[in-house]
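With the hints as extra help, turn the sequences into a complete structure.
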Amino acid sequence: MVAADVGFAEASWIMVVKSLVIFAVILGLVPMILLLERKLLGRFQARYGPNRVGPKGLLQPLADVVKLLSKEAYKPDAAVPILWAIAPALVILSATATLAIIPFGDVADGNVGLYGIDVSIGILYAFAFGSISFYGLLLGGWSSGSKYSFMGAMRSAAQLISYEISMGLALLGVIMMAGSLSLVDIANAQADTIWYVIPQFVGFLIFMVAGFAETNRPPFDLPEADAELVAGYNTEYGGMRFGSYFMAEYMEMVVVSGIAAAMFLGGWHGPGPDWLGPIWMLAKIMVLICLFIWVRATLPRLRYDQLMSLGWKVLLPLATLNVLVTAVLVVVT
Amino acid sequence: MEQVAFFAGAIGALGGAIAVIALRNPFYSVLALVVHLFSLAGLFLLLHAEFVAAAQVVVYAGAVMVLYVFVAAYVGGVEEPLWDAIPGQRILAPLIGAALFIELSIAVLGSGLKSLGDEGEVIPAGFGSPEAVGRLLLERFLIPFEAASLLLLIAAVGAVVLAARRPAPVDRGGAA
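Chains A and B are the protein sequences, given in the same order. This note's numbering puts the first residue of the first sequence at 1, with every later residue one more than the last. This note's numbering puts the first residue of the second sequence at 1, with every later residue one more than the last.
Misleading hints may appear alongside valid ones.
Below 20 Å or equal to it, Euclidean Cα-Cα: the simulated SDA-like pairs (lysine to any residue) are [what the hints assert, rightly or not]:
no.	chain 1	residue 1	chain 2	residue 2
1	A	Lys313	B	Ser111
2	A	Lys67	A	Ala100
3	A	Lys313	B	Ala164
Each pair of labels, with its calculated beta carbon distance range [unchecked claim]:
no.	chain 1	residue 1	chain 2	residue 2	range
4	B	Ile143	A	Val330	20 to 26 Å
5	A	Leu324	B	Phe145	14 to 20 Å
6	B	Ile86	A	Val25	56 to 62 Å
7	A	Lys313	B	Pro124	22 to 28 Å
8	A	Thr193	B	Leu138	52 to 58 Å
9	B	Phe145	A	Val331	15 to 21 Å
10	A	Gln306	B	Ala155	27 to 33 Å
11	B	Pro124	A	Glu72	55 to 61 Å
12	A	Lys313	B	Glu131	31 to 37 Å
13	B	Leu137	A	Gln306	53 to 59 Å
Source of the hints: derived by calculation from the structure; they are not laboratory data. Glycine included, C-beta positions come from ideal geometry on N, C-alpha and C.
In structure tokens, the structure reads:
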């Protein structure tokens with residue numbers, strides 16, 4: 001293998017099977033999250049949510065997917081042909097590649113690790129692939145040849161560089177306490193002690209706020225602010241190309257929730273026998289996703305200058321202070 | 001497998017670098033530079049320098065190039081001036097290029113060639129990991145590292161001071 005050093009390397013065929021399982025589980029999870037979001041949003045807004053397709057509206061995501069798949073693949077005349085087609089694929093690539101480092105358990109039965117890969121650079125892998133998703137948004141917006149798309153792409157560029165720094169600094173506290181970059185090691189470090197969400201509460205808050213911004217979720221959905229930009233960078237997209245952007249947003253939600261669950265909420269550790277581990281991890285991810293939905297239903301969208309001053313004047317100094325205090329405490333104790 | 005990865009990375013790096021100077025549209029040049037940087041990161045991975053590869057992608061492709069793209073997308077359509085912006089540019093550029101080439105050749109001949117062989121350099125365990133890079137930066141190369149960070153800090157403060165001299169109009173939620 002030419003890839004990075006792994007903490008525990010399996011045979012190639014096991015890696016392939018693992019990739020397929022992760023892919024199948026997450027692709028199965030995305031429509032369920034979609035339905036959960038629409039149902040919960042309905043309840044938050046004192047209405048029922050989708051309830052027509054199938055029993056209790058359970059088949060609604062299926063209907064949505066069929067609708068997207070059967071739409072005409074339309075391309076505006078002003079769009080730049082190849083870049084316009086590549087952009088949605090880049091977003092999906094980045095979201096699926098990042099899924100690989102989310103651990104659902106340690107090395108089980110002595111031969112298979114319940115994670116995609118455990119690279120020595122750990123969490124940096126997620127940031128590296130996260131930067132590819134930015135190019136997906138930017139190319140999509142720029143190559144559409146539309147002012148709304150362009151504005152959305154530029155906003156996403158500014159938002160990304162403003163919040164990525166705080167996001168990284170917020171995780172640095174946890175990394176210093178655990179003494180490792182690997183998500184598996186960090187989750188294991190929380191096995192016998194309290195979860196890092198308690199000593200690193202400030203870090204957790206900063207990470208979640210920056211995570212909302214990185215995934216373009218409300219209240220930070222300025223790149224696609226539908227009230228002013230129609231749909232921002234994906235205005236000109238239709239059919240499954242739009243579907244790719246849409247799906248990637250939900251996969252990125254799973255990724256951010258997964259990283260937060262592994263780094264702050266103890267990962268797969270929880271009461272009960274060991275085989276419950278992956279279920280605990282999935283449960284923690286789902287709780288965090290419900291938080292995403294709750295915030296979407298509660299908070300209005302920020303104004304653009306508010307977004308920038310929150311990122312640079314509040315989150316960044318707070319995250320730096322958090323790192324400094326943690327560093328001093330780690331050295332002293 | 002390694003050969004395939006190496007040639008894919010090498011073609012991407014060289015092709016991207018040539019495209020940066022060959023393409024007319026500055027936006028495409030910036031995109032070519034992004035391809036070049038990603039290919040370089042792949043080559044770093046082949047050299048067992050995982051941390052450098054990740055830093056390359058996060059810092060250059062993820063942050064520096066975002067600013068480049070930002071500027072190129074906003075002012076991209078401007079026509080190039082027909083005259084040289086810097087007098088004597090056409091003579092100076094090859095000279096500086098040649099000097100850089102000679103310097104790099106000395107560096108490569110001085111150090112890189114000893115790892116050429118049938119097996120290549122023996123790589124110790126943990127080489128290129130964040131721990132190893134951190135040790136080098138904070139122990140052996142502490143003073144150059146701190147000097148570089150001070151220099152960057154001064155440059156950033158200087159940029160803010162220079163930008164603040166002009167009375168800027170108050171920005172109320174315009175496009176970035």
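How the hints compare with the structure:
{"no.": "1", "hint": "A:Lys313 <-> B:Ser111", "in the structure": "46 Å, violated"}
{"no.": "2", "hint": "A:Lys67 <-> A:Ala100", "in the structure": "30 Å, violated"}
{"no.": "3", "hint": "A:Lys313 <-> B:Ala164", "in the structure": "17 Å, holds"}
{"no.": "4", "hint": "B:Ile143 <-> A:Val330: 20 to 26 Å", "in the structure": "24 Å, holds"}
{"no.": "5", "hint": "A:Leu324 <-> B:Phe145: 14 to 20 Å", "in the structure": "19 Å, holds"}
{"no.": "6", "hint": "B:Ile86 <-> A:Val25: 56 to 62 Å", "in the structure": "57 Å, holds"}
{"no.": "7", "hint": "A:Lys313 <-> B:Pro124: 22 to 28 Å", "in the structure": "45 Å, violated"}
{"no.": "8", "hint": "A:Thr193 <-> B:Leu138: 52 to 58 Å", "in the structure": "27 Å, violated"}
{"no.": "9", "hint": "B:Phe145 <-> A:Val331: 15 to 21 Å", "in the structure": "19 Å, holds"}
{"no.": "10", "hint": "A:Gln306 <-> B:Ala155: 27 to 33 Å", "in the structure": "29 Å, holds"}
{"no.": "11", "hint": "B:Pro124 <-> A:Glu72: 55 to 61 Å", "in the structure": "58 Å, holds"}
{"no.": "12", "hint": "A:Lys313 <-> B:Glu131: 31 to 37 Å", "in the structure": "34 Å, holds"}
{"no.": "13", "hint": "B:Leu137 <-> A:Gln306: 53 to 59 Å", "in the structure": "37 Å, violated"}
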